[in-house]
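Keeping their order, the protein sequence lines are chains A and B. In terms of the UniProt record's numbering, the first sequence opens at residue 1 and continues consecutively. In terms of the UniProt record's numbering, the second sequence opens at residue 1 and continues consecutively.
No lab work stands behind these hints: they were computed from the structure. Warning: the hint list may mix true and false statements.
[Unchecked claim] Cβ-to-Cβ under 10 angstroms is the rule here; a few derived chain B residues that face chain A:
1) 88
2) 90
3) 159
4) 163
5) 169
6) 235
7) 237
8) 325
9) 329
[Claimed, not checked] Reference listing, derived: stretches of chain B covered by chain A, where coverage requires no fewer than 3 residues with Cβ under 8 angstroms from a Cβ of chain A:
10) 171-185
11) 222-229
Computed from a predicted structure; not experimentally measured. Positions of the beta carbon are idealized from the N, C-alpha and C atoms, including for glycine.
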Amino acid sequence: MMKGRKRKSGSLTAQMLDPATLEQIALWLEGAGVASIEIETEDGRLVRIVTGEDAALRDAGVDPVAAAPVEPHSVRPAKSQIAGHFLPVHPARDAAEAAIGASVFPEQIVGFVGIGPLIMPIRAEEAGTLRACTVGPGDLVGYGDTVFLIEPAQ
Amino acid sequence: MIEVLQTGPLNTVQDLGRFGFRNAGVTSSGAMDRLALMVGNLLVGNAEGEAALEIQTFPFRLRFERDMAVAVTGADCEARLDGRRLPPWWAMPVLSGQVLELDTPRRAARAYLCLAGGIEVEPVMGSRSTSLRGGFGGLEGRFLAANDRLPVAGAAGPAVPQGGFGVMPPETALAAHFPAPEDGTLLVRAVPAGEYALFGAEAERFWTQTWKISSHSDRTGYRLSGEPIRLASPVELRSHGVVPGVVQMPPSGEPIIQMSDANTAGGYPKMAGVIDVDLWRLGQARIGSRIRFVRSSIAEAREAERAVRAYLDDVRCTVPMLAQALAAMSRR
């Protein structure tokens with residue numbers, strides 16, 4: 001979208017930091033239900049645009065869904081590697097790869113993220129017990145979002 | 001190279017088939033579930049029609065003799081790589097020495113193992129498909145046996161993401177374009193064929209009754225069992241050309257659906273033709289399962305074909321985009 005509206009003067013970063021452009025991007029994000037977006041420019045610099053209160057909370061390290069009755073230091077997250085829609089169960093299977101309460105081993109697939117026609121795995125980083133799923137089926141998840149909480153093995 | 005460690009009978013090398021030689025009595029062969037073969041190839045960066053392994057008897061075990069990328073599509077065989085479970089419809093890089101195992105699927109019938117670069121057996125008449133009846137194509141014109149080693153061509157496409165990835169199965173992605181099974185009965189769309197009118201009022205039962213796929217079914221054809229439909233008076237027909245999807249009515253009154261290894265000619269009256277775009281679903285139907293024919297039209301068949309084409313194009317475009325996005329993020 002940005003490419004088509006690219007202006008002649010100024011770097012891409014400068015163009016995006018233009019208040020009118022920022023406002024337009026924020027409107028698009030809100031319209032699409034997206035909380036934040038990161039844009040990498042040619043010179044490698046990152047621009048992060050955050051909208052709404054939800055995103056502000058997350059920025060402050062407070063994940064509203066992760067506020068489960070578990071000690072924050074005793075659990076590890078299993079994160080989404082890519083933005084897409086959360087699939088707790090593979091569409092061709094009847095049951096999840098790992099049930100809540102089950103033990104998981106490092107690199108085990110515990111859920112999926114659907115991106116268009118493709119599916120990416122969500123993996124456990126270390127051995128432990130799958131304690132909670134923090135998003136609902138079909139919910140939009142972002143890159144690095146916590147989807148599962150795993151209690152590490154002793 | 002890949003080495004077969006364990007296999008049942010009738011597992012073969014298949015691509016999309018051998019066309020242009022039916023006049024010489026050469027069956028087209030090719031994958032029973034062409035869609036699973038095409039999707040598997042796209043996941044590993046191949047052209048849709050590269051040769052792959054069609055696995056229909058289990059358990060099947062195979063060892064990779066070099067690092068490569070592979071995809072397992074079609075029936076969910078609880079695939080395991082060095083003992084670790086893989087999701088169905090999945091692609092991933094594998095290392096030399098790793099062992100892939102496939103078990104008997106609980107649903108569906110056939111799995112496809114596609115390898116980046118494709119299986120590099122010598123093409124015969126433009127295809128690498130195995131013709132079991134002709135005894136040519138594939139690996140020495142026969143089905144696979146333990147200790148067989150198969151050459152794999154060098155991969156040309158982009159690298160498959162390290163952690164593996166999958167694809168929405170066609171049954172999910174294309175659910176709106178195929179009739180859903182009713183009480184476990186697969187609905188197969190067909191159009192009336194040449195001798196349909198000869199069956200008169202009896203023909204109606206062809207559509208209304210549920211048929212069972214009998215144990216006398218294979219890649220050549222499915223023999224169905226049910227209440228026989230017979231002609232009022234027998235007719236003698238000259239032999240004529242036959243293609244996969246043709247539903248014949250032998251004197252027994254129980255239909256035969258010609259499949260991938262279809263005869264090139266036959267003389268039984270033709271009741272109907274299964275629309276091409278529904279053949280992959282029949283290819284995944286198991287012996288003993290039930291099917292019912294649903295009267296369709298050329299317009300409906302074309303519409304479904306367009307949807308399948310759009311799905312395949314979507315997969316082809318999105319695979320390299322995903323690989324690029326993951327590579328960009330891992331560089332951080």
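Each hint, compared with the structure:
1. Interface restraint check for residue 88 of chain B: the shortest CB-CB distance to chain A comes to about 5 angstroms, inside 10 angstroms, so the restraint holds.
2. For residue 90 of chain B, the interface hint holds, since its Cβ comes within 10 angstroms of a Cβ in chain A; the closest pair sits about 8 angstroms apart.
3. Hint on residue 159 of chain B is violated. Least Cβ distance to chain A is approximately 15 angstroms, over the 10 angstroms limit.
4. With a cut of 10 angstroms, the hint placing residue 163 of chain B at the interface with chain A holds, because the nearest CB-to-CB distance is about 6 angstroms.
5. Because the smallest distance between the Cβ of residue 169 of chain B and any Cβ of chain A comes to about 5 angstroms, under 10 angstroms, the interface hint for this residue holds.
6. Hint status for residue 235 of chain B relative to chain A: violated, with the closest Cβ pair at about 45 angstroms, above 10 angstroms.
7. The interface hint given for residue 237 of chain B is broken, as the beta carbon of that residue sits about 43 angstroms from the closest beta carbon of chain A, more than 10 angstroms.
8. A cut of 10 angstroms between beta carbons decides the hint on residue 325 of chain B: the least distance to chain A is about 7 angstroms, and the hint holds.
9. Because the smallest distance between the Cβ of residue 329 of chain B and any Cβ of chain A comes to about 7 angstroms, under 10 angstroms, the interface hint for this residue holds.
10. Only residues whose C-beta sits within less than 8 angstroms of a C-beta in chain A count toward coverage, and the stretch 171-185 of chain B has 3 of them, enough to reach three; the restraint holds.
11. Judged by the Cβ-Cβ criterion of 8 angstroms, the stretch 222-229 of chain B is not covered by chain A as claimed, because only 0 of its residues qualify and three are needed.
Of the hints listed earlier, those the structure fails to meet are numbers 3, 6, 7 and 11, in rising order.
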